[in-house]
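Place chain B on chain A using the hints.
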Amino acid sequence: MAAKKKRTPNVQNDSWVVVAADSVIDTQKHDSDPAFVRLRNPLTDAASLYMLGSGDVQLYEVKAFEEDFHSWFVGQTVQRDGRLIFVTPMDPLYLILPYLIKSGKEGKFQPVDQVVMDEEFPACSRLLSCTRSLTSLHHIAEEKEVGGLKFHRYSQERTMNWLKKKVERTVTALKKRNISVGEGVKSATFIRVKPDADSHEEDYLRYAHGLISEYISEDLSKALLKHLGLPELTSPKETEPPSKKRKLSDQPVEAEEDYTKFNSADFARKPPKKMTAAQKTLAKVDKTGMKPMSSFFSPKVKAEKK
Amino acid sequence: MDLNPFDVNNSVSCRLTSEIPEVCRTEDCCLGIDEAGRGPVLGPMVYGICFCPVSKKEDLKDLKVADSKTLSEPERENLFQTLDEAKSYVGWALQILSPNTISTSMLQRTKYNLNALSHDTAIGLVQFALDRGVQLKEVYVDTVGPAEKYEEKLSKLFPGIKVTVRPKADSLFPIVSAASICAKVARDRVVKGWNFAEDLGEVDTDYGSGYPNDPKTKAWLLKYLDPVFGYPQFVRFSWSTAQTLMDSKAVSVHWDDDEEDGEKAAQRQNNRSMLSYFGASAGGNDQNGTHQTHRYFTDRRLKSLNTL
Numbered sequence: 001m002a003a004k005k006k007r008t009p010n011v012q013n014d015s016w017v018v019v020a021a022d023s024v025i026d027t028q029k030h031d032s033d034p035a036f037v038r039l040r041n042p043l044t045d046a047a048s049l050y051m052l053g054s055g056d057v058q059l060y061e062v063k064a065f066e067e068d069f070h071s072w073f074v075g076q077t078v079q080r081d082g083r084l085i086f087v088t089p090m091d092p093l094y095l096i097l098p099y100l101i102k103s104g105k106e107g108k109f110q111p112v113d114q115v116v117m118d119e120e121f122p123a124c125s126r127l128l129s130c131t132r133s134l135t136s137l138h139h140i141a142e143e144k145e146v147g148g149l150k151f152h153r154y155s156q157e158r159t160m161n162w163l164k165k166k167v168e169r170t171v172t173a174l175k176k177r178n179i180s181v182g183e184g185v186k187s188a189t190f191i192r193v194k195p196d197a198d199s200h201e202e203d204y205l206r207y208a209h210g211l212i213s214e215y216i217s218e219d220l221s222k223a224l225l226k227h228l229g230l231p232e233l234t235s236p237k238e239t240e241p242p243s244k245k246r247k248l249s250d251q252p253v254e255a256e257e258d259y260t261k262f263n264s265a266d267f268a269r270k271p272p273k274k275m276t277a278a279q280k281t282l283a284k285v286d287k288t289g290m291k292p293m294s295s296f297f298s299p300k301v302k303a304e305k306k
Numbered sequence: 001m002d003l004n005p006f007d008v009n010n011s012v013s014c015r016l017t018s019e020i021p022e023v024c025r026t027e028d029c030c031l032g033i034d035e036a037g038r039g040p041v042l043g044p045m046v047y048g049i050c051f052c053p054v055s056k057k058e059d060l061k062d063l064k065v066a067d068s069k070t071l072s073e074p075e076r077e078n079l080f081q082t083l084d085e086a087k088s089y090v091g092w093a094l095q096i097l098s099p100n101t102i103s104t105s106m107l108q109r110t111k112y113n114l115n116a117l118s119h120d121t122a123i124g125l126v127q128f129a130l131d132r133g134v135q136l137k138e139v140y141v142d143t144v145g146p147a148e149k150y151e152e153k154l155s156k157l158f159p160g161i162k163v164t165v166r167p168k169a170d171s172l173f174p175i176v177s178a179a180s181i182c183a184k185v186a187r188d189r190v191v192k193g194w195n196f197a198e199d200l201g202e203v204d205t206d207y208g209s210g211y212p213n214d215p216k217t218k219a220w221l222l223k224y225l226d227p228v229f230g231y232p233q234f235v236r237f238s239w240s241t242a243q244t245l246m247d248s249k250a251v252s253v254h255w256d257d258d259e260e261d262g263e264k265a266a267q268r269q270n271n272r273s274m275l276s277y278f279g280a281s282a283g284g285n286d287q288n289g290t291h292q293t294h295r296y297f298t299d300r301r302l303k304s305l306n307t308l
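Going down the list, the sequences are from chains A and B.
If you use full-length UniProt numbering, the first sequence closes out at 306, no skipped numbers anywhere.
If you use full-length UniProt numbering, the second sequence closes out at 308, no skipped numbers anywhere.
Just chain A, same shape as in the assembly:
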């Protein structure tokens, strides 16, 4: 039992356990197969894995369930990684949005196929083949049509309204699925006497905003928070209570201890007391910012006196 087991690094394998939407494997209508593609992640600006359905008709995001100590038995083989990969439909606008924002800084109307271009991720132009892409561009951009050609320019206002709708829909979905959104932990088996509904509307909004923020840049996420009318949460450090209580009275502050005794000659001559080993180690501890035990007991008594 005590024998140490060596962990060998995960070996790349050529098979995966995948849960995919039915539409992914519906290849009858189109000649090309669905394919994994690497595209620019709108949040991290780095590569992430996505999937384009057959004929590039639909975009899917790829997420993996990963936890320690899992493996698969697949047919007559063992799959070392216990990963479960989910391929779920995704709105291609999220991936198109960063390109539009970038070109929008120039303030010109441009044809989208010139905008959605990326040397690092050439596959991004395939996003425009998705059925939802071109028809829904008006959610995030203004449109102009000249001589049968369409030109687009990024619109922050339209985008915010579009994202707000996304948040609202997410809230509906969260409520329907009964997903716990509040702070702290809720037990699924613990039955509340009455559902605490309205007070948690903000919790739902915040949670949904957080979820949508996984798909947009941080700047957009902040703008969206404002658009939703939610104040920014302060960091826990700032919300910490002040370490000392403020004095409530206007009366002049009196010294609580008589420090003059340290000045007396009597004090100076006293040899320092010898400390035990435990006291010595205690003395070495950095006590900056720590309150003495006594501070928890004294103030109330004084308040009563006044």
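Since the hints were made in silico from the structure, they are not lab data.
A quick note: this is a predicted structure, and the numbers were derived from the prediction, not measured.
A hint or two may mislead.
Partial list, computed: chain A residues near chain B (C-beta under 8 angstroms) [to be verified]:
#1 36
#2 41
#3 43
#4 213
Derived contacts from chain B toward chain A, CB cut-off under 7 angstroms, selection only [unchecked claim]:
#5 223
#6 256
#7 294
#8 296
#9 305
C-beta atoms are modelled at their ideal positions from N, C-alpha and C, and glycine is treated no differently.
Just chain B now, with coordinates in the frame of chain A:
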């Protein structure tokens, strides 16, 4: 002895019993407990009880029951036959603990050791006799662990019964000898005719005594070691013999409750050192400016991928 009930599913624990003699329900009885197959890495451990009226104690001696270890296999088979034929006043019951039961008990998260398993099986068999109306007054047990503690435990559980726990009880009390013969015969038969649940084809049954120090057993264990699954259920995985072989020859398997070196485990689990909470930039900055994934995904252990 009909071993069918065990052969049907030899991955669990199984109880085999004789008829209860009528006389045992009316007269004060004595009962002996012994086990067979505690040490081997192969096959089941069998617990046996034998009981008869106190007045018939001397008759057992006439049957020439003796410590099963001093007897040859044919002698044991004959003696069992004799005991089984004395059904007018002798009853027996067996609990066959399959090697799988032993493995899973000893290797589960809350460890259940062999002594506890042994005690509980013995207690279960005594309770069985009581439930069937046997008028128990005396119980004799070959000890497992310290005799006094075991005796005290059993006496408390069965008030009104005189419990005697002795090392080597199987050579001291004929009723314990009888129980040991029943257990040993059952174990021998089960091991000989082991019904492998695994699809191993033609199995080489020349596995010797099944004890860890038997060269034949060792050779057999090497031969039937599967790199992924280890062994057939015939083998007690919890025995260090089996574990050592699996550690060196089979694929390593990591379990959630494996003990790992503290620091390495902490690193693997991305635990932060306590010290990091006191540093100058405590809180907030620990992510190095990178985005913290929403808890919807972290709670569900979902991650984005950048390659497959």
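Comparing the hints with the structure gives:
1. With its C-beta approaching chain B no nearer than about 6 angstroms, residue 36 of chain A sits inside the 8 angstroms limit, and its interface hint holds.
2. For residue 41 of chain A, the suggested interface contact is upheld, since its CB lies about 7 angstroms from the closest CB of chain B, less than 8 angstroms.
3. Restraint check, residue 43 of chain A versus chain B: the minimum CB separation of about 6 angstroms is within 8 angstroms; hint holds.
4. For residue 213 of chain A, the suggested interface contact is upheld, since its CB lies about 7 angstroms from the closest CB of chain B, less than 8 angstroms.
5. For residue 223 of chain B, the interface hint is violated, the least distance from its beta-carbon to any beta-carbon of chain A being 21 angstroms, above 7 angstroms.
6. The interface hint given for residue 256 of chain B is met, as the beta carbon of that residue sits about 5 angstroms from the closest beta carbon of chain A, less than 7 angstroms.
7. Against a cut-off of 7 angstroms between C-beta atoms, the interface hint on residue 294 of chain B holds, since the closest Cβ of chain A lies about 5 angstroms away.
8. For residue 296 of chain B, the interface hint holds, the least distance from its beta-carbon to any beta-carbon of chain A being 5 angstroms, beneath 7 angstroms.
9. The criterion of a C-beta within 7 angstroms of any C-beta in chain A is met by residue 305 of chain B, whose closest approach is roughly 4 angstroms, and the hint holds.
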